[in-house]
Amino acid sequence: MNCQEVDGRIVDLARGVEMDEAALAHIKECGRCGARLAEEERLSAGLSAWAKTSIVEQAPAVVEEKVFEAFRRRAPVQTGRRWMVFAGAGAIAASVLLFRLFTAENPVRPAVVIAPAPQRVATVLADPVEQAPVAPRKARIRRAPRRTHPAPDTEPAPLEAHFLPVAQGDGWTPLDGGRVVRVKLPRSALLVFGLPMNEERALEQVQADVMLSNDGLLRAIRFVQ
Amino acid sequence: MTGESDIDDSDLLARAVDGDEESFTALYRRRQGAVYRFALQMSGRRGIAEEVTQEVFLAVIREAGRFDARRGPVLSYLYGIARNHVLRCLERDRPYVAIEEEQEGEISKWAAVEDTLGDLTRGETIESVRRAVLALPTAFREVDVLCDLHEMSYADAALALDCAVGTVRSRLHRARGMLLEKLKAKKRAFA
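Keeping their order, the protein sequence lines are chains A and B.
All residue numbers for the first sequence refer to this note's numbering, where the first residue is 1 and numbers rise by one.
All residue numbers for the second sequence refer to this note's numbering, where the first residue is 1 and numbers rise by one.
Treat the hints loosely; a few may be bogus.
Claimed, not checked - DMTMM-like mimics (lysine to aspartate or glutamate), calculated; alpha carbons at most 25 Å apart, straight line:
hint: 1; chain 1: B; residue 1: Lys182; chain 2: A; residue 2: Glu69
hint: 2; chain 1: A; residue 1: Lys52; chain 2: B; residue 2: Asp9
hint: 3; chain 1: A; residue 1: Lys52; chain 2: B; residue 2: Asp20
hint: 4; chain 1: A; residue 1: Lys52; chain 2: A; residue 2: Glu29
hint: 5; chain 1: A; residue 1: Lys52; chain 2: A; residue 2: Glu21
hint: 6; chain 1: B; residue 1: Lys187; chain 2: A; residue 2: Asp215
hint: 7; chain 1: A; residue 1: Lys66; chain 2: B; residue 2: Asp20
hint: 8; chain 1: A; residue 1: Lys28; chain 2: A; residue 2: Glu64
hint: 9; chain 1: B; residue 1: Lys182; chain 2: A; residue 2: Asp7
hint: 10; chain 1: A; residue 1: Lys28; chain 2: A; residue 2: Asp7
hint: 11; chain 1: A; residue 1: Lys66; chain 2: B; residue 2: Glu50
hint: 12; chain 1: A; residue 1: Lys66; chain 2: B; residue 2: Glu151
hint: 13; chain 1: A; residue 1: Lys52; chain 2: A; residue 2: Glu41
hint: 14; chain 1: B; residue 1: Lys182; chain 2: B; residue 2: Glu151
hint: 15; chain 1: A; residue 1: Lys28; chain 2: A; residue 2: Glu41
To be verified - Calculated from the model, a selection of chain A residues having no Cβ within reach of chain B, i.e. all distances over 12 Å:
hint: 16; residue: Ala14
hint: 17; residue: Ala45
hint: 18; residue: Ala49
hint: 19; residue: Ala89
hint: 20; residue: Gly171
hint: 21; residue: Asp215
Stated by the list, open to error - Coverage of chain B stretches by chain A, computed from C-beta distances (three or more under 8 Å per stretch; other residues unrestricted):
hint: 22; stretch: 14 to 25
hint: 23; stretch: 32 to 39
hint: 24; stretch: 47 to 53
hint: 25; stretch: 171 to 177
Derived by calculation from the structure, the hints in this document are not laboratory data.
A virtual CB, placed ideally from N, CA and C, is assigned to each residue, including glycine.
Please put together the full structure from these sequences, using the hints given.
This is the structure we're talking about:
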């Protein structure tokens, strides 16, 4: 074994994780490699001394309190996803049903009217925030603001910026008229549309724009931040 | 009857995921020190170490379901999370200088003059080693902290750092070379 080969193992020898007899035999005879090993061993001793003196370092009690409090506050563990799918589907169906009931009793003018004034129909929805009529030729799609920071680890950009079509089998297009209503839905509704969702946040609400045709059927949906 | 101290980390973590607070408490108390020290040795700042420790265990609460025991031990998983948070904190705080730590370093710097490499196990020279490690580039510092200070195997360190075992080995070799150079240079400067 030559000096170059020993040099590749000198760190492991100094740290005591390798006992290569051939390398040790070379070191006994080679003053340069012997000095190098001694130097590495002193460095290991220094690092080990630092590690020993810092073994008493602990996170302060306030960190422990915060962490334990967070553990107690966390959402209950969910054992499956199926209920979320049903819950999301149910929430959407309820929103659409309520909207249809409302429009049957209080018919509103279809949104194909030229430059209509914004009509507020949201009071009967699950939890509407705002709504505006949609001009058929230019259904306005609000884009999510550009992110300036990376998404948090737990939620890898689950929300989509574009409408997801919901097929009703009758060939409806935005040109046939409709409106967009903003509603709040359980986060679990993301799963219904094949979007990723953090299970632990399933009970939280997300905002969504639902595009409804004039007959009240859900035609498309867009989840917004 | 089996106490919490007899249960391995992955079992504690699995029970914690199921909502067992005692298991989570046991896991926290067993591993918080290592996580805290890793963050402190990487950053040199207690504030960051506290923040990182808290974030690591909050991440465990949120995402422990992602842990796969087949890939490696829980400790590597915790170090991996801690490492990401430390790097984020260092990047965030890069424009700032931690005054109190610098002052602390200044005080002990003079005590470390005597003999940098002659007897590194002496208390006054530990500060020299600490400062030399903190001066390493992060890619080398994290390897040295994990392997030399926390005595992790190359394989476990590679798992925590999400790189190949060969990379850990070569970076450790290089890191120690840089440490020796820094300590020698300091010794020459004060000679």
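So, going through the hints one by one against the coordinates:
Distance restraint check for Lys182/B and Glu69/A: the Cα-Cα separation of roughly 44 Å exceeds the 25 Å cut-off, and the hinted pair is therefore not satisfied. For the hint pairing Lys52/A with Asp9/B, the CA-to-CA distance comes to about 23 Å; that is within 25 Å, so the pair holds. Simply put, Lys52/A and Asp20/B have alpha-carbon atoms about 33 Å apart, too far for the 25 Å limit, and the pair is violated. Restraint check: the Cα-Cα separation between Lys52/A and Glu29/A comes to about 33 Å, which exceeds 25 Å; the hinted pair is violated.
With a C-alpha separation of about 29 Å, the suggested pairing of Lys52/A with Glu21/A is violated against the 25 Å cut-off. Between the alpha carbons of Lys187/B and Asp215/A the distance comes to roughly 84 Å, so the proposed pair goes past 25 Å and is violated. For the hint pairing Lys66/A with Asp20/B, the CA-to-CA distance comes to about 17 Å; that is within 25 Å, so the pair holds. Distance check on the hinted pair: Lys28/A and Glu64/A sit about 51 Å apart at the alpha-carbon level, beyond 25 Å; violated.
At roughly 19 Å between alpha-carbon atoms, Lys182/B and Asp7/A fall within 25 Å of each other, so this suggested pair holds. For the hint linking Lys28/A to Asp7/A, the alpha-carbon distance of about 14 Å falls within 25 Å, and the restraint holds. Annotation: proposed proximity of Lys66/A to Glu50/B holds, straight-line Cα distance about 11 Å (limit 25 Å). For the hint pairing Lys66/A with Glu151/B, the CA-to-CA distance comes to about 29 Å; that exceeds 25 Å, so the pair is violated.
For the proposed pair Lys52/A and Glu41/A, the alpha carbon gap of about 16 Å is at most 25 Å, so the pair holds. Between Lys182/B and Glu151/B, the direct Cα distance comes to roughly 22 Å. Compliance with the 25 Å bound is thereby established for this hinted pair. Restraint check for Lys28/A and Glu41/A: the C-alpha separation of about 15 Å stays at or below 25 Å, so the hint holds. Once the 12 Å rule is applied to beta carbons, Ala14/A is inconsistent with being away from chain B; the minimum gap is 8 Å.
For Ala45/A, the condition that its CB be more than 12 Å from all CB atoms of chain B is violated, with the nearest at approximately 5 Å. The beta carbon of Ala49/A is not kept farther than 12 Å from every beta carbon of chain B, the shortest such distance being approximately 4 Å. The Cβ of Ala89/A lies farther than 12 Å from every Cβ of chain B, with a closest approach of about 24 Å, so its non-interface assignment holds. Look at Gly171/A: its CB is around 43 Å from the nearest CB on chain B, clear of 12 Å, so calling it non-interface holds up.
Distance to chain B confirms Asp215/A as a non-interface residue, since its nearest Cβ pair spans about 43 Å, more than 12 Å. Coverage of a stretch by a chain is defined here by at least three residues with a beta carbon nearer than 8 Å to that chain's beta carbons; for the stretch 14 to 25 of chain B and chain A the count is 7, and the condition holds. Residues of the stretch 32 to 39 of chain B with a Cβ under 8 Å from some Cβ of chain A number 5, which satisfies the need for three, so the listed coverage holds. Under a criterion of three residues with beta carbons nearer than 8 Å to beta carbons of chain A, the stated coverage of the stretch 47 to 53 of chain B is upheld, 3 such residues being counted.
Only when three residues or more bring their CB closer than 8 Å to a CB of chain A does the claim for the stretch 171 to 177 of chain B stand; here the count is 3, and the claim holds.
Hints 1, 3, 4, 5, 6, 8, 12, 16, 17 and 18, counting from the list given before, are not met by this structure.
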